[in-house]
Amino acid sequence: MLSLTGLFTLLTLGVLFFILGYITYHGITALDWDFFTKLPKPVGETGGGMANAIVGTIKLLGLASLIGVPIGFFGGVYLSEYGKETTLGFLVRFSTDLLNGFPSIVMGIFAYILIVLPMKHFSALAGGFALGIMMIPIALRSTEEFLTLVPASIREAALALGLPEWKVITFVVIPTAFRGILTGVMLDIARVAGETAPLLFTAFSNRFWAKGLMEPTASLPVMIYTYAIAPYEDWHRQAWAAGMVLLMLVLVANLVARLVLHRRFFQSGAS
Amino acid sequence: MLLIALSVLLITAVIAFELYWHSRLSIAKFGWAFLWQSTWDPVAEEFGALPFLYGTLVTSIIGLLIAIPIGLGVAIFLSELAPRWLSDPITFLVELLAAIPSVIYGLIGIFVLVPWIRNVLEPILSATLGFLPIFQGAPYGVGMLTAGIVLAIMVIPFIVSVSREVLIAVPRSQREAILSLGATRWEMVWIAILPYARSGILGSIFLALARALGETMAVTMVIGNRPEISASLFEPGYTMASVIANEFTEATSDLYVSALVEIGLVLFAVTVVVNALARLLIYSVSTKRGAIRT
Numbered sequence: 073m074l075s076l077t078g079l080f081t082l083l084t085l086g087v088l089f090f091i092l093g094y095i096t097y098h099g100i101t102a103l104d105w106d107f108f109t110k111l112p113k114p115v116g117e118t119g120g121g122m123a124n125a126i127v128g129t130i131k132l133l134g135l136a137s138l139i140g141v142p143i144g145f146f147g148g149v150y151l152s153e154y155g156k157e158t159t160l161g162f163l164v165r166f167s168t169d170l171l172n173g174f175p176s177i178v179m180g181i182f183a184y185i186l187i188v189l190p191m192k193h194f195s196a197l198a199g200g201f202a203l204g205i206m207m208i209p210i211a212l213r214s215t216e217e218f219l220t221l222v223p224a225s226i227r228e229a230a231l232a233l234g235l236p237e238w239k240v241i242t243f244v245v246i247p248t249a250f251r252g253i254l255t256g257v258m259l260d261i262a263r264v265a266g267e268t269a270p271l272l273f274t275a276f277s278n279r280f281w282a283k284g285l286m287e288p289t290a291s292l293p294v295m296i297y298t299y300a301i302a303p304y305e306d307w308h309r310q311a312w313a314a315g316m317v318l319l320m321l322v323l324v325a326n327l328v329a330r331l332v333l334h335r336r337f338f339q340s341g342a343s
Numbered sequence: 079m080l081l082i083a084l085s086v087l088l089i090t091a092v093i094a095f096e097l098y099w100h101s102r103l104s105i106a107k108f109g110w111a112f113l114w115q116s117t118w119d120p121v122a123e124e125f126g127a128l129p130f131l132y133g134t135l136v137t138s139i140i141g142l143l144i145a146i147p148i149g150l151g152v153a154i155f156l157s158e159l160a161p162r163w164l165s166d167p168i169t170f171l172v173e174l175l176a177a178i179p180s181v182i183y184g185l186i187g188i189f190v191l192v193p194w195i196r197n198v199l200e201p202i203l204s205a206t207l208g209f210l211p212i213f214q215g216a217p218y219g220v221g222m223l224t225a226g227i228v229l230a231i232m233v234i235p236f237i238v239s240v241s242r243e244v245l246i247a248v249p250r251s252q253r254e255a256i257l258s259l260g261a262t263r264w265e266m267v268w269i270a271i272l273p274y275a276r277s278g279i280l281g282s283i284f285l286a287l288a289r290a291l292g293e294t295m296a297v298t299m300v301i302g303n304r305p306e307i308s309a310s311l312f313e314p315g316y317t318m319a320s321v322i323a324n325e326f327t328e329a330t331s332d333l334y335v336s337a338l339v340e341i342g343l344v345l346f347a348v349t350v351v352v353n354a355l356a357r358l359l360i361y362s363v364s365t366k367r368g369a370i371r372t
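Chains A and B, in that order, give the protein sequences.
Under my numbering, read the first sequence as residues 73 to 343, first letter to last.
Under my numbering, read the second sequence as residues 79 to 372, first letter to last.
Hints listed in this document are in silico derivations from the structure and should not be mistaken for laboratory results.
Here the structure is a predicted model, which means the values were calculated and not measured.
There are no misleading hints in this set.
Looking from chain A toward chain B, a few residues come up when the C-beta cut is under 8 Å (computed):
(1) 85
(2) 149
(3) 154
(4) 168
(5) 177
(6) 205
(7) 208
(8) 262
(9) 330
In silico DMTMM-like cross-links for lysine to aspartate or glutamate, where the CA-CA straight-line distance does not exceed 20 Å:
(10) A:192 to B:96
(11) A:113 to A:306
(12) B:107 to B:119
(13) A:192 to B:328
(14) A:192 to B:332
Just so you know, even glycine gets a beta-carbon here, dropped at the ideal spot from N, CA and C.
Isolated chain B, as found in the complex (with noise of 0.2 Å):
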């Protein structure tokens, strides 16, 4: 029983490992760089990760920056305002959309998302927002923005749950002490109970954030795949996990091979560091009560 319990250690120190490993012909060749070339030539043997950096940052941004509003306003509607029938088959639809597939998301991405921007948002967003460079250029539909708005859809489910169980977690001496001071039900939610709640807050924001950098399936159908920097959030642009998604088949060489690999180490680096962030802030405040699954 023990040695199967140690086992999920021993996985996890083998996957870095073995990452760290396949990964050292790139590692020796190109070092530190990698990081900051951008030139990303499979012919020439020339490997830099800074498109994927870039393209994987941007549109975690992206996908952030609207989910957190939105995901935080269902979560405090859930768990202050919604009556208990209400709330219960709300949260548990709120979920269901956490398990759609990710490959589904991309699905509907391509034939449904992608037309609409190309032909309805991206014209509206460059004749009203056209004087800053990141909504310029043309609509292809495809690109950074989309990405983005479906990483949103994917992680709102994920903020939602975490953020609700900690809002419902604040005690009640909390909400009457600040109500009996003759606050608005909006300015207890605001005073008394989000920065009570903020670690775990932020704990469900991380958790979005390492699901939105590791995301592939959806992503890779609807960001065009390619490997360029551009300030417009309009262009087709690359993230580490769909070139790694989409070129490790292809990978003739060792160094070829080897450079993806190191990519998928990255993303594995920053994960990691993202998500033992998400699940300390979130343990901080769910001691007393158990653990707040995601």
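Chain A on its own, in the form it takes in the complex (with noise of 0.2 Å):
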């Protein structure tokens, strides 16, 4: 009985590398310069790339960071320096939770209603509120995880030289810290860097360069989406450049989030 624990391991680790493998494959053959630098052709040509989607991914998980990661920081700071053994701080890590569970797709709906609706159009701008609000639930968690981590000795050698808690947290706690936050802000980032589902109906596509933010804007997951369910060939290969280059992106980021942080961090770390 206790092989088949093994054998199920084996077949995990199996899928893993499976799609890793596959996907590097058909992505590398698939990937050239165009790519990184032209536009996607009309249907019936070949070639092209998707250089207007790179760039609007950038620019969604700019946005998406300027929303998330202020709002997880703060409310991090709040959970583990003031709200620790609170009710209010039961209710603030309660509720973040909840919003981490959260279907990504109704994250798209609400930033549908608040801010397709009244524009009338798709935008950049939604399609990076959704994934902000997605982002504060982790940018929260880790942020109160690594300032708990904190050593108490630390803390107390400051308040005992006299100086007032905010200070203390502000100049002594909050960069013993900071290498952890950061890493996890990373983490967030590549986790809402897949994310597809809400920007279908907030950021929508775009075959060209958008102008601003206030214009439908195209990323890589949704690329990937329509290419892979179109029926062209040539699409098809886009799509695994695609998901290569997004694979690898958010592999990347997350191998070197987990290897700069400490061993103990390293264990603990779910995504």
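Got two chains here, separate frames each, mind docking them using the hints?
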């Protein structure tokens, strides 16, 4: 019976390596310089690339970070420094965990209702907003966790020097945990980078360069989806290329984030 | 600082309210019947969510049936059997599986899993278990079974990472007591450890269920997207999340949009309840050790 558990482990790892290998194999043969520099070609013409989708993804992630990171950071500081044992702290923590579990498509509807409906057109802003809300829970919880890990002796030493509590938090506790918090944010960005569902009807897509934040914007995940379900062979090829680029982006961010962390964090970390 | 923390509560409340507010047209017109009507006809403006509820439920159940034994097996292997130097990197790799974007699962699903299921798995299943109504019918490749298998792969990491932490949290004395009675390793896991960790493991399963219910892209790409209810798992189906993904931008009338938002509201309500249960169960075992992250 015990060997069965080992078998399941091998099976699970096998699935992972199969996915990585298969995507890399198909992605590499399909990837060329045009992919990074050219706009998508109209249906029927071969070639072209996804330069606009790459820029669009970066734009959406930037916007999302502007919304998600500050709220998550300050919320996390509140939880770890002031709201540890309080009922309010429990409520905030609980609703953060709930927010983390909301289906991403629901976030899309939310952003659609709040931003797309009043503006009457799809926009990068709406997409970034949806992703930003999705970033809050992980940014918040990882900030809280890394701040909690700062040893009591460091806080006590600073307090013993007569510093007020807010100064201790701002100048001693937060800088100590800074690297951890930054890594948490990086994992967070990697997580929403692959989100597709909420973008389908917020950022929508665009076959040209989007001007500013108020226009529909292409992104890699949505392009993968559109190209994968389309009946054209050449589009499938590009979907593989885009899939590989997206996957590498996410995995490298994950690897780097976990490797720079202390061993202790490395073990407890799930994204 | 407090205000920002409170904004998280506010966001949760606003999401719930907005979903309700924008589905009021459909709620007023169809009432509770929305949940058990099975006609979905945008042209005639007849909307019933039953096929989507059914599809979501069935695919999630298939996903969990496959994922629970495998996920628990991996968790037991990692916490009880594997030495530390092996267990840590494997845990990391399993978590990478959770980091893969769902659209990538969909891509693999369309081009690898669907042909394989059509040509290999479904013919085998209908040849051996074809007397069961759930394994009858033409092998399309796309369908409920395929969606369930994709979901299983996607939720295994959640079951593994939470269950593993819960298992590790089982006190040493539990293990030592049963070992001193002469139990084998397997008996130790089965009699002393699993019952002790029960609520946490249940929490991890609920968490996986919530993910499966809300999963959109991978399912949309392999389920076939047909609003029908049929006994066979080989047939195409539809889920709540995938109908929203597919039809939201095409919805022309206010009532159509409202009906889709109401599906979103139902999905939201169900996942909130399941998630809340999962969290409370996980909190109950993790209060002494700090939060178990997922």
